[in-house]
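Residue numbers (the working numbering), protein chains in the order written: chain A, 1 to 185; chain B, 1001 to 1211; chain C, 2001 to 2602; chain D, 3001 to 3312; chain E, 4001 to 4394.
Treat each hint with caution, since some may be false.
Claimed, not checked - Within a straight-line C-alpha distance of at most 30 Å, the following computed BS3-like cross-link-like pairs (lysine-lysine) qualify:
| no. | chain 1 | residue 1 | chain 2 | residue 2 |
| --- | --- | --- | --- | --- |
| 1 | A | K173 | C | K2149 |
| 2 | A | K4 | A | K14 |
| 3 | D | K3040 | C | K2019 |
| 4 | D | K3293 | E | K4033 |
| 5 | B | K1179 | A | K151 |
| 6 | E | K4320 | C | K2174 |
| 7 | B | K1039 | D | K3040 |
| 8 | B | K1176 | A | K150 |
| 9 | E | K4320 | A | K151 |
| 10 | C | K2179 | E | K4033 |
| 11 | C | K2546 | C | K2348 |
| 12 | E | K4033 | B | K1198 |
| 13 | A | K151 | B | K1202 |
| 14 | C | K2024 | B | K1176 |
| 15 | D | K3050 | D | K3040 |
| 16 | B | K1039 | B | K1202 |
| 17 | B | K1173 | D | K3040 |
| 18 | A | K12 | A | K36 |
| 19 | A | K80 | E | K4320 |
| 20 | C | K2128 | B | K1179 |
| 21 | C | K2335 | C | K2266 |
| 22 | C | K2557 | C | K2490 |
| 23 | C | K2266 | C | K2214 |
| 24 | C | K2214 | A | K173 |
| 25 | C | K2178 | A | K173 |
| 26 | B | K1179 | A | K150 |
| 27 | A | K173 | C | K2348 |
| 28 | C | K2019 | C | K2179 |
To be verified - Chain D stretches covered by chain E per the calculated footprint, using a threshold of three residues with CB under 8 Å from any CB of chain E:
| no. | stretch |
| --- | --- |
| 29 | 3040 to 3053 |
| 30 | 3068 to 3079 |
| 31 | 3180 to 3191 |
| 32 | 3200 to 3212 |
It should be emphasised that the hints constitute simulated quantities derived from the structure, not laboratory data. We put the CB at the ideal spot given by N, CA and C, even for glycine.
Single-letter residue listing:
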Amino acid sequence: MNEKTLNTMLEKLKQEFDISDIVEHKPRLTTFTVSKQHAETLIRELRDREAYTHLNFMTCIDYIEDGIFSLVYMLHNYGKKHSLGVHVNISRNGEEVFSIHTLWAQAWTYQRELREMYGIRFTDSPRLDEDFCLEGWDQIPPMRREFDTKKFSHERFGHREGRSSEVPREHMKVQLYPNRGGDEE
Amino acid sequence: MFKKSLNTEDTLENAGLTVEEQQLFSNARPQAYEPYPIKAVEDFANWARANSLWILAFGTGCGAIEMRPLMTARFDANRFGVAGRPTPRQSSVFVIGGYASVKTLKRIVRSYEQMQGPKFVIALGICPVNGGMYFDSYNTVNRFDQYLPVDLYITGCMPRPEVLVAGIMELQKMIKAGKCNGANRYVDNFDWYKANQKKVIKNWDMPDYNW
Amino acid sequence: MSLRDLLSPFYVWQRAFEKPYTTKRPTLDRPGAPAYRGFHINITETCVGCGSCHTICQNHAIDMVAVDEYVGRDGDSGLRPRFDYGRCCWCGLCVDICTAGSLRMSNEYAWISEDPGDFHFTAGIDDKPWQENALGYRRAEGYHLYPPKRITMPMLPVEESVNTFDEVVRGYDKEQAKKEADRCVECGICVATCPAHMDVPDYIHSIRDGDYEKGLQLMYRTNPFPATCGRICTRRCESVCPVGILGEPVAIRWLKRFIVDQVDKKDYPRILNEPIGESDFKVAIIGAGPGGLSAAYYLRQQGHAVTVYESRASAGGMLRYGVPSYRLPDVELDKDIEHILAIGVDIKYDTEIGRDISFETLLEDNDAIFMSTGLSVPSSMRIHGEDHPRVLSGLQVLADVASGRDPGIGKKIAVIGGGNVAMDAARVSRRLGADVTLLYRRRISDMPADDEEIDESQAEGVVIVQQAIPVEVLDADGTERVCIKWGEAKMVDDPKGGRPRPVLQEDRMHTETYDCIISAIGQSSDLGYLSSEVQDQLAIEWGRFKPVEYQHTMMEKVFVGGDFANRTADAISAIEDGHHAARGINRFLNPDAFIKAEMQDE
Amino acid sequence: MIYQSLGEWFDKIGNFSLTLLIVTVYGLLMGAFIERIIAKVQGRIGIPYKQPFINVLKNIFKRTAISHGIMFYLGPVFRIAGGIGTLAFIPVIFGSETFSNFSTAGDLFLVIYFMFFGQLGMALGAGESGHPYSAIGVARGLSQMTAYEVPFALAVVAIVLQYGTLSINDIVAAQQGGWQHWTMVTNWPATLAAMLAFLGMTGYSPFDIFLAPQEIPIGPPTEFHSAYLGLLQLNRALFGATKLILFMNLFFGGATGWPELMLKTWLIYMVAIVVGVAFPRYRVDQGIRFFFKLPTLIGIMSIIYVQMVLTA
Amino acid sequence: MTSLNRHTLTGHSAALDFSQPEPVDLSSGKYVKLWQGPQHPGITGNMSLELTLEGDTIIGCKTHVGYLHRGFEKLMERRTFIQNFTVVCRIAVPEPTFNEYLYSHAVEELSGIEIPDRAVWLRTLNLELMRLASFLMWIGGQSGAFGMYTVPNWTLSHRDFVLDLFEEMTGARIYHMYIVPGGVRAGLPEGFEKRARDVMDSTEKMLGQVERVMFNNAVTKARSRGLGIIDPEMIDPYGIVGPNARACGVARDLRKDEPYLAYDQLDFDIITGHDCDAYGRAWQRLQETRQSIDLIRQCLDRMPVDGPFQADMPNVLHWKVPAGETYVKAECTRGEYGYYMVTDGSEYVRRVHVRGPSYTHAIAVMERLAVGCNIADIAGLMVSLHTYPPEIER
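Whenever a hint applies, use it, and build me the whole structure from the sequences.
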């Protein structure tokens, strides 16, 4: 995409919406963060006015250390061959989010997946509470970073016995120089 | 005839079902397969079983991808008496195609129990043995033999169709020798298997034994 | 519905008259492709059990299990990978990362079993039919998962280095060090081989993290001479580094040096901040070489009152007087020594046992004694005329240069020997402006000196004459100079399978005149300060000690370490001897605490 | 024919049993042979000849643990009764007393009745199994049957008119004396209509939607298993062969010996196979539409042909 | 094209009503609820359709996925960058290579690694072979879904010949694990080019036969014409990509639009169709299969014979990729396949999102197209959208 047109568009959007953290990752991909209040309108505007008509995907990143989920809407403009990643930060504590199922037909599927995998609720999104991938899930949503899948798998599914492994370094210490090396007392 | 077990002490609870549904499903326990009293007949039956293995068409995991070459012209398993069968009632072999997610496991259990004995299970790949690729996944089981009896394991990721053929030949040998009694193991340890199944399948909304 | 659409499908029948696609005997006719990633093969002889395969395996399919056959081999952990074919996905990453190149895959792929517990095997140990398969996946030429080549060390150019005593090796910068540190596979085999058992992978890890202070702390846990060892260590760690099997070993020594270079000396107390224990015991240490000072450092940390007795004017022993400053500048040695002294070690210079204070007095006044007086007497060449005044000892020349005296070697000299002392003497002589010829009995490849030393000395213009056996030293008539007569040697294979022996060829003799001859063929210990009764009690053989457990001798209270008590006679062994003796002395002084600690361990 | 004594009856039944056995075995063998021909087209080798026998045996040895009610059991029995009944009234070898079965004056009607009887019985059994796919399969099967029965019935009417008899034996007798007397030649429109109906009858593509595994796993027998399935398989072999014999008798001059029978039936079967491997399957509505168009038209034509050309 | 843009820009055409169908009263006896799958031969992979029927006509369809969910995105967050490369190929079982390429490409982009020219060509060849294998399987699947079992036997055998090539080239049949971050794992084996050309020739010949028997077939046409018509207006609102979109005449192909690897040096044109029913889509894919054979030949012609095939790599055992964010995509057989990767400078990836085209095709599009279909056509329709369930649920 022509850099000038992109900048013009971003300038224009900046005036209307609360946009920050604009990063140009490569000529064909720019991302920015927008406040939740403006996000729905912005995405609609991008689709209808700026011809970002294709929703590549929609997903979420868990920044557990900051206590936020960053929703990512990846929009694509076929004419300009340019993708825009729109980040919307929301709180991890069950904050409800607008739904874009009226804008794209596949959006509700993504929202259903995000509800299941992160526990995010999208207002009025259809079939939101239907099981998507999981069935009878009784833990915290698995894609949240505090969910330890290995521990869970070990506890619930178990592993076949008959395995044990040595660490070369420790093994050699025990075998070859048990009293030496490192702090002794 | 088998709708309800007459022996009230030895019935299944079917606690996962509603009261109306409990009327619809059988609550009898499975019964072990008794060999024919005359050994020659049993041997002959085993010979017939071994040479006519009908595989349930249920691609439970990655394994399904190598079933296609197996059943089509390149490897042509029909030569060995193997055929695909779309319904569990008529199938005698269940090929577990690799990993089983919890959601699929529920369907696998159902399909398996609907199969009529004698029935055999082949587990493909590493995942049913010890978790394999997905040993740390929250949605796939690690040891398949905890949930259903497996007669034969074929390791590999994916096992090639050639190994599948070799596995089928091995299974045939075992059946002819009368050694494939996984289904009876299932019946004998039914409660243990059921408890394991229920441990991972949390929304148990089907009968305890699916006839 | 056109007629064509009705008739065209009947073309299928064409196929009925062609050969079927079917493989006739699928289980027999189709071996895996030549590069098929099938079941694992391990050449267990080559494998060193570094465990990189275990580390890289994302499915935790590989266990490292002990194989008795290989326990105790140098540079070998004694472990071999055991595969779980309930986990393995045949990605071949283990083959790609295998440092020894011993792991590979066969093109065998069929394994069927009724028992799910069956699918475990130790490749190459458990008998499997595919172990001998010639085909299968191998790592391709030119494909690496870690850089096989070392980062080149910046060096002083030869034209400059030959004229100066400035340090030749310039040291890595941060970028280079990080890259070099990145090559480590963190197996820890070097830890076992290192006489001091330094935490090599850990401090290399700290370089990658940029946390040099942590690196320094880690090094001081086992070695109070990091600046020194970072320069002149014999680095047996590098000889066993698995990365070096197919490529070049990680430059462990230079990385150690790099950490020390990054930390300013005045920050040492803050960074290391050793806790000093409480103790009423007194320990005397004879000899302020690496062994003695190392013992002093670790004993002092226990709170004992430690006094070091040193016969010379400065501490450091061979490090100061035997190692030239282009390899180990004094300022770097001082960095180490000053920190040891800074934690409260008392040192008495110019104090010789037997002359200034008797051994018996020491024995009486102290609760324990550690002796580490090293090998200070040059060995004799055992040839006629070697007491000629122009035959100098290598040690003497080096000591003179280190002390700032002129050794008076002249312009054209010969050095005899092939060890590090000979190299040092030769290169020092080059720096003093002499033309140097080095005579060695065997071949260059047999030399005990470091390869780097040999290469650098040759680059600096030292002429090495191999297979040259000195026969006699003669006067050069009427001059201050000296003649040496030497004969060419022929290498004769040892029928017993030992290394080839040089045999003098009587008909090929040469005589050459030099300004002086420097003899550097070995050293022995000087134990003159011990009375013969004491020597008897200590059970000394061939001028060397054979300490029992924890460097303890047969004599109560007396511990020994350093060159005269070990076979390797290098700085790092002396340092470990000191450290180990410190452990032994603690154990000796305070047995209860020790036993308790050991029991807790169990 | 009225039999004189009980002994004659026993003879007759014994003879029929032999015929039944031969036809069933022949049907199973033919099944394997046809499978291998199809396999050849698909570029593979195909099943061994013994496979159909093993399959039947295996199914009979398989145990059963379920029930869907009495009709469910009776379905396969009706089905095989239909197959046996059909065969019972077809003279297999022309001129052979042993293999003429219970062929009698009005046997053609009986045969057509039995052909329906099996299907309907099966439909009841499959319906009782309660499986939705069975129900869908039955609905499709029956509607398709209704569709292909139209041209077939028309063709049969045409030859009945042509030969003026309802006895298969007489129809075969009328065709003796060389291939030029076969119905195939003398009444080619009826043969054509019947052969088109035959495509639907054999259950190969493009008219196999009622047991299409891709859509409704296996169709009506979805729930049938074990011995029931064994019976169905036996019937498939028997009924298939019987239909071929019927077609052979009606249109291709019958057979005077077993080799002739085998050759002719195989060739007739091949018509369905030649078409079958070349086409995907029609949806059921498309199939019905197909039969109601051209084949029915030809069927009507054949009657007209008989009326206008042959009897004129 | 112009009319398409006008509609998608405004996005409020009557055809674009995304609302869910009203639930029906099942107890009325007028409707039948029917489950297809997961144990059902007419379903691609392991998923299921919950169908509501009125007679033979479908009035409601819900797709149920997740039977193959393994939680890849979670697993990848706890594996190192090199370990992940062995995991990703399992995401789309019939087409693993695209995952390998995109994952490697994303990692390379974030860590600034440039791969050597030979690796570029080897990757291109690998991807095109994969496309060919995948399409061959699809043609068999489509034919099988309409009940013609001859063609699957042919195409799957030829797919197997392509797999043999893969086995030689990469060392495995299904999960090749050949494209590794930094390049590829090996060069081409001796004599590979000749064998590859032989397979291309025989496959091309076979495709000619398939065209005759399957495409010029009255019954196929009767079954597939008019089945599951995708309205060009649906394309953007439903996120339809790849052959499904191109069959409507929309010339969008990432290989041309945003060329990656060596595609800018290859000579090809975007193939488009004009009616996007099941037949049109099948025709589209047949042509693309042929195009793929052509591209493979071009790759073989222009493949550099020697030179490095791997960039200089850091030690992968403790490889840290700088913090960053990227979205990379490639044109797989089903359309735009994408990897969205966020790294935070540690040894582990922060978040990977895998965008598979089946995600929309098998759910939103399928649910919409199924309504009004005959029950017998469901399998054919499902296959004609070319969906792979494992990439939906990952």
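| query | Regarding the pair A/K151 and B/K1202, is the alpha-carbon distance no greater than 30 Å? | reply | OK: A/K151 and B/K1202 at ~18 Å, within 30 Å.
| message | Please verify whether A/K80 and E/K4320 have alpha carbons no more than 30 Å apart. | response | With a Cα-Cα distance of about 34 Å, the restraint between A/K80 and E/K4320 is violated, given a limit of 30 Å.
| query | Would the pair C/K2335 and C/K2266 pass a check requiring their Cα atoms to be no farther apart than 30 Å? | reply | Answer holds: C/K2335 to C/K2266 is near 9 Å, not above 30 Å.
| Pair hint D/K3293 and E/K4033, alpha-carbon separation not exceeding 30 Å | Distance ~33 Å between D/K3293 and E/K4033 Cα, so the pair is violated.
| request: Please work out if A/K173 and C/K2149 have their alpha carbons no farther apart than 30 Å. | output: Holds, because 29 Å separates the two Cα atoms, which is no more than 30 Å.
| query | How does the coverage statement for the stretch 3180 to 3191 of chain D fare against chain E, requiring three or more residues with Cβ below 8 Å from a Cβ of that chain? | reply | violated (count 0)
| said: Tell me if the straight-line CA distance from E/K4320 to C/K2174 falls inside 30 Å. | reply: Roughly 17 Å separates the two Cα atoms, so the pair holds.
| task | Could you grab the alpha-carbon distance between B/K1179 and A/K151 and see if it respects the 30 Å cut-off? | result | violated (37 Å)
| Given pair status - B/K1179, C/K2128, alpha carbons within 30 Å | Holds: C/K2128 and B/K1179 sit about 25 Å apart, inside 30 Å.
| said: Check whether the Cα positions of B/K1039 and B/K1202 lie no farther apart than 30 Å. | reply: violated (43 Å)
| Assertion that chain E covers the stretch 3040 to 3053 of chain D - criterion: three or more residues, beta-carbon distance below 8 Å | Coverage by chain E holds here, the residue count being 4 at a Cβ distance below 8 Å.
| query | Does the alpha-carbon distance linking C/K2557 and C/K2490 stay inside the 30 Å limit? | reply | Given that 30 Å is the threshold and the Cα spacing comes to 50 Å, the pair is violated.
The structure shown violates the earlier hints numbered 4, 5, 7, 8, 10, 16, 19, 22, 26, 27, 28, 30 and 31.
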